[in-house]
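Asker: Here the protein sequences come in this chain order: A and B.
The numbers in full-length UniProt numbering rise by one with no breaks, and the one at position 107 of the first sequence is 107.
The numbers in full-length UniProt numbering rise by one with no breaks, and the one at position 380 of the second sequence is 380.
Careful: at least some of the hints might be erroneous.
Which copy is meant is left open, so a pair is good if it fits within one copy or across any two.
As the list claims (entries may be wrong) - Under the rule of at most 25 Å between Cα atoms (straight-line distance), these lysine-lysine pairs were calculated in the PhoX-like manner: (1) Lys383 to Lys143; (2) Lys110 to Lys406; (3) Lys412 to Lys143; (4) Lys2 to Lys143; (5) Lys186 to Lys41; (6) Lys41 to Lys150.
No lab work stands behind these hints: they were computed from the structure.
Number of protein chains: 2
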Amino acid sequence: MKDSVNIGLLGLGTVGTGVVNVLTANAHEISQKTGVPVNIKKILVRNLNKVRNIAAGAVLTTNADDILNDNDIDIIVEVMGGEQPAKDYMLRALNAGKNVVTANKDVVAKFGRELFSAAEANHVDFMFEASVGGGIPIIRPLKQCLAANKLSEVMGIVNGTTNYMLTKMTNEKLDYETVLAEAQAKGYAEADPTADVGGFDAARKIAILASIAFNARVSLEDVDVEGITNISPVDIEYARELGYVIKLLAIAKESEACGINARVHPAFIPLNHPLAAVGDVFNAIFVRGDAVGETMFYGRGAGALPTASAVAGDIVDVARNLRHNVNGRILCTCFDQKPFCPVENTSSSYYVRLLVEDQPGVLAAIAGAFGAHNVSLNSVIQKRKVNNCAELVLITYHVSDANIRKALTTIKDMSVLTTVQNVIRVEAQQID
Amino acid sequence: MKDSVNIGLLGLGTVGTGVVNVLTANAHEISQKTGVPVNIKKILVRNLNKVRNIAAGAVLTTNADDILNDNDIDIIVEVMGGEQPAKDYMLRALNAGKNVVTANKDVVAKFGRELFSAAEANHVDFMFEASVGGGIPIIRPLKQCLAANKLSEVMGIVNGTTNYMLTKMTNEKLDYETVLAEAQAKGYAEADPTADVGGFDAARKIAILASIAFNARVSLEDVDVEGITNISPVDIEYARELGYVIKLLAIAKESEACGINARVHPAFIPLNHPLAAVGDVFNAIFVRGDAVGETMFYGRGAGALPTASAVAGDIVDVARNLRHNVNGRILCTCFDQKPFCPVENTSSSYYVRLLVEDQPGVLAAIAGAFGAHNVSLNSVIQKRKVNNCAELVLITYHVSDANIRKALTTIKDMSVLTTVQNVIRVEAQQID
Ligand SMILES: NC(=O)c1ccc[n+]([C@@H]2O[C@H](COP(=O)([O-])OP(=O)(O)OC[C@H]3O[C@@H](n4cnc5c(N)ncnc54)[C@H](OP(=O)(O)O)[C@@H]3O)[C@@H](O)[C@H]2O)c1
Ligand SMILES: NC(=O)c1ccc[n+]([C@@H]2O[C@H](COP(=O)([O-])OP(=O)(O)OC[C@H]3O[C@@H](n4cnc5c(N)ncnc54)[C@H](OP(=O)(O)O)[C@@H]3O)[C@@H](O)[C@H]2O)c1
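Please take these sequences and the hints and turn them into a complete structure.
Answerer: In structure tokens:
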């Protein structure tokens with residue numbers, strides 16, 4: 001039994017500083033739960049001369065070998081970010097028999113398979129609770145608490161930046177460019193916001209969640225991705241009028257008939273859905289299982305301390321395992337090979353906003369084109385003119401993605417159509 | 001390493017039947033995660049002649065010794081309910097070196113200390129995820145994912161029966177007696193509804209949650225309990241008008257200044273609080289920690305399958321531990337002795353509804369009496385007459401419980417007062 005646990009921290013930025021602060025502030029609680037003190041022995045940084053906002057103690061180094069080759073270090077905590085060299089460092093650590101805790105969704109989504117296998121082969125822990133949903137407990141609940149369920153759906157608001165932007169657009173009726181500038185000014189969005197607003201950050205997270213939920217290998221390339229750049233205040237206003245709110249959702253579903261489908265896109269959700277009330281930078285993940293029914297996990301999806309909470313929770317778990325010499329216990333490479341469901345085979349209802357010529361018979365012609373492709377309409381709003389055109393807003397019944405695409409292709413060729421302004425899925429499945 | 005795991009099930013009612021069905025339906029997923037098949041070997045019931053809605057396989061018995069003395073049984077799953085003989089059976093099982101999984105909040109709240117110690121002494125697991133919040137993962141997230149936090153608050157809707165009733169009263173403007181009768185007809189409320197409507201079921205659950213969250217020993221006697229029998233449609237309507245909803249909350253808070261306070265009572269919560277939208281039989285638990293900030297866990301707090309989901313999740317965890325021979329690993333009897341904060345020392349704002357004489361100067365007199373005890377008023381509504389009296393509704397600022405009690409004692413003695421109709425706490429702390 002070890003009498004202390006030593007950590008090598010890779011990175012001392014937002015999350016790294018948070019980890020140092022949490023381990024320091026709550027040292028009593030943590031050593032009570034692990035049975036031994038947990039020390040940060042060495043920290044990898046790029047720049048030794050930066051002013052650091054942490055209590056002294058650990059040695060700073062710019063040389064990863066100082067840490068990875070230190071036999072006294074039991075746990076590597078990777079919070080430097082980026083794919084490389086983070087992934088190589090983690091792989092080296094696992095192969096050297098060190099346990100690894102990471103917050104790095106890019107690496108877990110892309111190289112998870114390789115890292116899980118290395119951890120299993122070396123009988124060490126590889127934990128990544130912080131990689132999805134920041135401080136929200138979601139990886140461990142999925143893996144353990146819900147382990148006896150067949151899960152059919154994981155659906156979440158997993159990107160705080162875009163949720164902040166959509167919440168602002170909704171509550172203050174601002175447009176996309178204005179809220180993006182504001183999110184950048186507040187530090188919520190990067191100078192290059194593509195990873196967030198383009199949906200790619202959310203896509204990495206849903207790939208991780210889907211892999212665990214369905215016991216399968218889902219990677220970024222398996223996720224259909226659409227961002228929020230196309231959402232306008234007009235769409236948000238129509239959503240409100242129809243009893244919905246627009247959220248950027250990361251969705252993974254598995255059906256016996258078709259397989260796994262994973263995607264990220266803006267969606268209408270009914271105002272009474274538990275995800276509808278999740279505002280600002282908050283995240284939430286909704287999970288449906290055959291036994292548990294519907295559950296939801298809510299909290300802060302990012303930020304120094306919330307993310308550090310998840311990282312430090314993993315550290316406590318690894319330290320307990322170290323104390324009892326049982327690291328690598330819950331790993332399981334027993335993933336199933338599962339089919340993927342092409343997006344054309346999925347179905348939902350859709351919101352469609354069109355500009356059409358303002359003359360008699362146009363609505364009938366458009367409705368006829370939808371009908372010809374088996375797309376029936378649930379509701380229609382026509383009340384505004386835009387540049388002399390009539391604005392037509394339609395909500396379809398549940399239809400297949402293939403059919404709505406075909407119908408829209410036909411409609412785009414019709415002479416009465418000016419433009420298809422937007423097409424947004426409606427995630428209308430109610431809580432039973 | 002064992003080549004199969006054998007369960008002895010105590011009880012085959014609502015939850016027991018659910019457990020059998022989940023273990024049968026998801027046998028493939030479960031054995032994949034545990035590495036070995038999980039079998040139910042024997043089941044304890046009271047009546048062998050009842051028709052049972054489960055697949056054949058296990059042996060039914062009315063003799064607990066058949067199960068507790070069977071050396072082949074690794075896990076006792078207690079879903080018979082009640083304090084005795086359930087507690088004795090569990091204690092015997094632990095002392096015989098068997099792992100125990102239970103859904104029994106009564107026993108965990110009352111005898112938890114004794115059972116944890118027995119489990120630790122015998123190096124076996126004692127798990128009780130299903131005892132609070134049904135299928136909602138909450139015990140494991142608190143113990144593990146949030147282990148590095150100092151938690152300051154756990155607040156939840158943990159009784160489905162009363163939440164169903166309050167939701168009905170709110171949405172359909174029905175009175176207490178009507179919805180109680182309906183809840184009984186639907187099987188949501190027992191013939192004797194005291195445990196639910198009196199708040200005692202919720203009190204047991206908050207005692208369990210507070211013990212874990214604060215690393216302390218909190219038992220039923222430490223919880224101040226008030227039920228919902230006193231809530232009328234009038235209060236619900238005033239709440240709505242003021243931007244609140246009334247929920248039966250189970251609350252535990254720890255402050256450095258005063259210690260731990262645990263209580264169950266109806267409360268006003270702001271409509272934008274994440275708990276406000278939790279309707280019908282759903283449960284949700286809100287947790288605040290120094291690192292994680294605010295998180296919430298939502299789902300089905302009862303029912304055969306949701307509860308079985310939690311029980312079976314525990315079984316999977318015990319089975320994994322069995323396979324690696326590490327049962328008893330995460331136990332920790334390192335509880336702190338902590339002071340309790342008497343309810344008089346807690347503070348909040350309050351809703352007070354009074355009937356007073358309808359004459360000039362009465363409002364000034366009442367307001368003066370509050371002011372004399374340092375209770376200042378945030379808002380006042382006077383708009384209705386009831387039996388020739390004026391109905392006065394007041395919301396106070398944040399005041400100490402001691403002061404509001406003193407003020408109400410003074411007011412009760414005033415000749416202008418007819419009756420104090422209701423006094424309800426306002427849990428107004430916002431999400432930052
Ligand atoms: N920020 C969040 O809210 C959040 C939430 C969830 C997950 N995450 C994940 O957590 C990880 C860290 O994010 P962060 O926001 O903390 O990043 P950050 O603030 O940019 O910090 C990165 C740290 O790593 C160091 N570093 C980077 N590359 C290095 C290299 N090649 N060699 C040595 N040191 C290097 C930097 O050193 P210097 O200090 O010397 O520059 C810095 O200390 C990322 O994977 C991110 O996706 C972040
Ligand atoms: N129901 C829920 O939604 C729910 C949710 C969370 C937690 N729980 C907890 O789960 C536990 C079980 O609840 P339940 O609703 O499943 O109860 P239940 O339907 O009344 O079932 C109790 C079962 O235990 C057996 N039993 C009771 N006392 C016995 C005795 N002395 N000897 C032998 N067998 C005995 C009964 O046998 P017979 O079948 O022969 O009568 C029956 O099969 C309770 O602790 C409850 O608090 C329940």
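Asker: Now tell me if each hint is right for this structure.
Answerer: Here's how the hints hold up against the structure:
no.	hint	verdict
1	Lys383 to Lys143	neither (49 Å within a copy, 55 Å between copies)
2	Lys110 to Lys406	neither (33 Å within a copy, 63 Å between copies)
3	Lys412 to Lys143	neither (46 Å within a copy, 56 Å between copies)
4	Lys2 to Lys143	between (27 Å within a copy, 22 Å between copies)
5	Lys186 to Lys41	neither (33 Å within a copy, 60 Å between copies)
6	Lys41 to Lys150	between (42 Å within a copy, 23 Å between copies)
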